[in-house]
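S.K.: Listed here are the chains, written in short residue letters.
There are 2 protein chains.
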Amino acid sequence: MKILMCVPNVSEGRDQAVVDALAGLVRAQPGVKLIDLSADKDHNRSVYSYLGEPQAVLDATKRFAEAVLAAVDMTTHAGSHPRHGALDTVPFIPVGETTTEEAVAVARQFGRFIGEMGVPVYYYEDAATRPERVSLVDVRRGEYEALPEKLKDPFWAPDEGPAEFVPKSGAVQVSARFPLVAFNVNLRTGDLDIAKRIAHAVRHVNGGFRYVRAIGLDLTGSGMMQVSMNLTNYTQTPIPRVMEAIRCEAARYGVAVASAELVGPVPLGALEEVVRHYLQIHDFSMTQTIEMNV
Amino acid sequence: MKILMCVPNVSEGRDQAVVDALAGLVRAQPGVKLIDLSADKDHNRSVYSYLGEPQAVLDATKRFAEAVLAAVDMTTHAGSHPRHGALDTVPFIPVGETTTEEAVAVARQFGRFIGEMGVPVYYYEDAATRPERVSLVDVRRGEYEALPEKLKDPFWAPDEGPAEFVPKSGAVQVSARFPLVAFNVNLRTGDLDIAKRIAHAVRHVNGGFRYVRAIGLDLTGSGMMQVSMNLTNYTQTPIPRVMEAIRCEAARYGVAVASAELVGPVPLGALEEVVRHYLQIHDFSMTQTIEMNV
Numbered sequence: 001m002k003i004l005m006c007v008p009n010v011s012e013g014r015d016q017a018v019v020d021a022l023a024g025l026v027r028a029q030p031g032v033k034l035i036d037l038s039a040d041k042d043h044n045r046s047v048y049s050y051l052g053e054p055q056a057v058l059d060a061t062k063r064f065a066e067a068v069l070a071a072v073d074m075t076t077h078a079g080s081h082p083r084h085g086a087l088d089t090v091p092f093i094p095v096g097e098t099t100t101e102e103a104v105a106v107a108r109q110f111g112r113f114i115g116e117m118g119v120p121v122y123y124y125e126d127a128a129t130r131p132e133r134v135s136l137v138d139v140r141r142g143e144y145e146a147l148p149e150k151l152k153d154p155f156w157a158p159d160e161g162p163a164e165f166v167p168k169s170g171a172v173q174v175s176a177r178f179p180l181v182a183f184n185v186n187l188r189t190g191d192l193d194i195a196k197r198i199a200h201a202v203r204h205v206n207g208g209f210r211y212v213r214a215i216g217l218d219l220t221g222s223g224m225m226q227v228s229m230n231l232t233n234y235t236q237t238p239i240p241r242v243m244e245a246i247r248c249e250a251a252r253y254g255v256a257v258a259s260a261e262l263v264g265p266v267p268l269g270a271l272e273e274v275v276r277h278y279l280q281i282h283d284f285s286m287t288q289t290i291e292m293n294v
Numbered sequence: 001m002k003i004l005m006c007v008p009n010v011s012e013g014r015d016q017a018v019v020d021a022l023a024g025l026v027r028a029q030p031g032v033k034l035i036d037l038s039a040d041k042d043h044n045r046s047v048y049s050y051l052g053e054p055q056a057v058l059d060a061t062k063r064f065a066e067a068v069l070a071a072v073d074m075t076t077h078a079g080s081h082p083r084h085g086a087l088d089t090v091p092f093i094p095v096g097e098t099t100t101e102e103a104v105a106v107a108r109q110f111g112r113f114i115g116e117m118g119v120p121v122y123y124y125e126d127a128a129t130r131p132e133r134v135s136l137v138d139v140r141r142g143e144y145e146a147l148p149e150k151l152k153d154p155f156w157a158p159d160e161g162p163a164e165f166v167p168k169s170g171a172v173q174v175s176a177r178f179p180l181v182a183f184n185v186n187l188r189t190g191d192l193d194i195a196k197r198i199a200h201a202v203r204h205v206n207g208g209f210r211y212v213r214a215i216g217l218d219l220t221g222s223g224m225m226q227v228s229m230n231l232t233n234y235t236q237t238p239i240p241r242v243m244e245a246i247r248c249e250a251a252r253y254g255v256a257v258a259s260a261e262l263v264g265p266v267p268l269g270a271l272e273e274v275v276r277h278y279l280q281i282h283d284f285s286m287t288q289t290i291e292m293n294v
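Order-wise, the sequence lines are chains A and B.
Numbered per the numbering used here, the first sequence spans residues 1 to 294.
Numbered per the numbering used here, the second sequence spans residues 1 to 294.
Just so you know, these hints were derived from the structure itself, not from any lab.
Check each hint, because a few of them may be wrong.
No copy is singled out in the list; a pair is fine if it fits within one copy or between any two copies.
Under the rule of at most 25 Å between Cα atoms (straight-line distance), these lysine to any residue pairs were calculated in the SDA-like manner [said to hold, decoys possible]:
no., residue 1, residue 2
1, Lys-2, Ser-285
2, Lys-152, Met-117
3, Lys-62, Asp-15
4, Lys-33, Asn-186
5, Lys-152, Glu-261
6, Lys-196, Gln-280
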């Protein structure tokens, strides 16, 4: 089945009425299912996860965007999370049989729709139009406050829409990307430095696995420390390889793994490699499960 | 979603036209999907696996039973597999959110339908009406040839239908049971005795895990030996516990696990414990996957 997931990040996490109205709007869209919603008052940001067939998700996201751009005003927005606009990021994520190319095609259709509304759009990650725009960190550098100057710079001409600053809305960042896996490992130690060293060892930026971003965190009150990770491509850097590397690094300090967690909706495909690795079923596929044959 | 699987075993494995016609009949039933079919000429037996919502599976199985009882004649049947009737066994297997109780209720409805056709029915396993009938081996003792005498014995009065011998059809055995997991572990040894000793160590009958049946086999030509298992309740005796016990026993002989295999359609629930055990995600549920939320 061709499924597309969309996880828009909205610059509103404090006004519960707005957050709820947007959730209600998603729930009312035909052929689309809201599977997760988290709003953060510190970040002043809310994240919606919904999925369905690609066309249904595109249509729902257009309606969602219209509502967000009407309801959220960036001229009064403050929060601890970096942001570039009211509808800050709109990643389209292929699930099941959907390809990255198909997700990019939907992202581009959505971006054109926003551009036609008169709001500047930047494509990033797999939807990026040039290498300098692949990284969201680069695209969003300076945040909303830098946008008026940025839009005057031809280097930062938007991918869709006018090169004009829209104070209420800012810019919309649209992408396609492989599903992220948020994977955290909890360590039986009170020493934050050990968690930081392990995060350092496994993450790409310091020489670790190519598709791992990681930080060491204090799980305040639990007496444990955490290696908190995003795996950005679970087929190239699978979960068990990261898990065993962490176990091995932790053992150097005489520290054991207490538990782990997968946060948010997980692609079933990310668990295939868990079965293949630990049960040594070298060619295992989730298509062998009864449920995938219903 | 409530899903029921049905795996009828039919006493015909040589006449390909009959085997194919029965498969075609299943494929033509609305709301039901045939996911596996195996016919064995030695056993002179064929096994169909199909699934769908409970009512659709019940309806399809009634049509299937009518066709089997019309096509298969036990008076001329011979084969190496034990059998009691033309439609020898009809297990209903709960999948996903379906409970064992619901599977039993469908089994009983199906059994009454067969009884009303004038064919004796025995319920076994979770559908059994008394302890002496739980084991299929006990119910089927003496096979088809013993049925005329057995039906005269009040102790073996059928659960449905008349206590009369129907030469063409024999008796139908109807059950509900937890999904089986067929799990094989391949060992890097040419010594069959090691595989047999390990099978002995892990199987219930010799003091091993309660829900494990196991034998040691020679994987002829591969240079490996196999511990071939059925796990009859994967929640009570989960796959990783069995895998690690085998690894541990094999290590006593200096033998390594080369690979493993899950045979046939696997319930997704059986893989939950793989994630929980090896990734130490103690409360992991497959409902967290994106695909289970579509």
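S.K.: Each of the hints needs a verdict: does it hold here or not?
M.R.: To see whether the hints hold, each was checked on the structure:
1. Taking the shortest alpha-carbon separations for Lys-2 and Ser-285, both the intra-copy value of 17 Å and the inter-copy value of 23 Å come in at or below 25 Å.
2. Proximity of Lys-152 to Met-117 under the C-alpha cut-off of 25 Å is restricted to the intra-copy arrangement: shortest distance 19 Å within a copy versus 84 Å between copies.
3. In this assembly of identical chains, the alpha carbons of Lys-62 and Asp-15 lie at most 25 Å apart only when taken from the same copy (22 Å versus 57 Å across copies).
4. Taking the shortest alpha-carbon separations for Lys-33 and Asn-186, neither the intra-copy value of 32 Å nor the inter-copy value of 43 Å comes in at or below 25 Å.
5. Taking the shortest Cα distances, Lys-152 and Glu-261 never come within 25 Å of each other, neither inside one copy (44 Å) nor across copies (61 Å).
6. In this assembly of identical chains, Lys-196 and Gln-280 lie within 25 Å of each other by CA distance solely across copies; the values are 20 Å between and 31 Å within a copy.
Checked against the numbered hints above, the structure violates hints 4 and 5; every other hint is satisfied.
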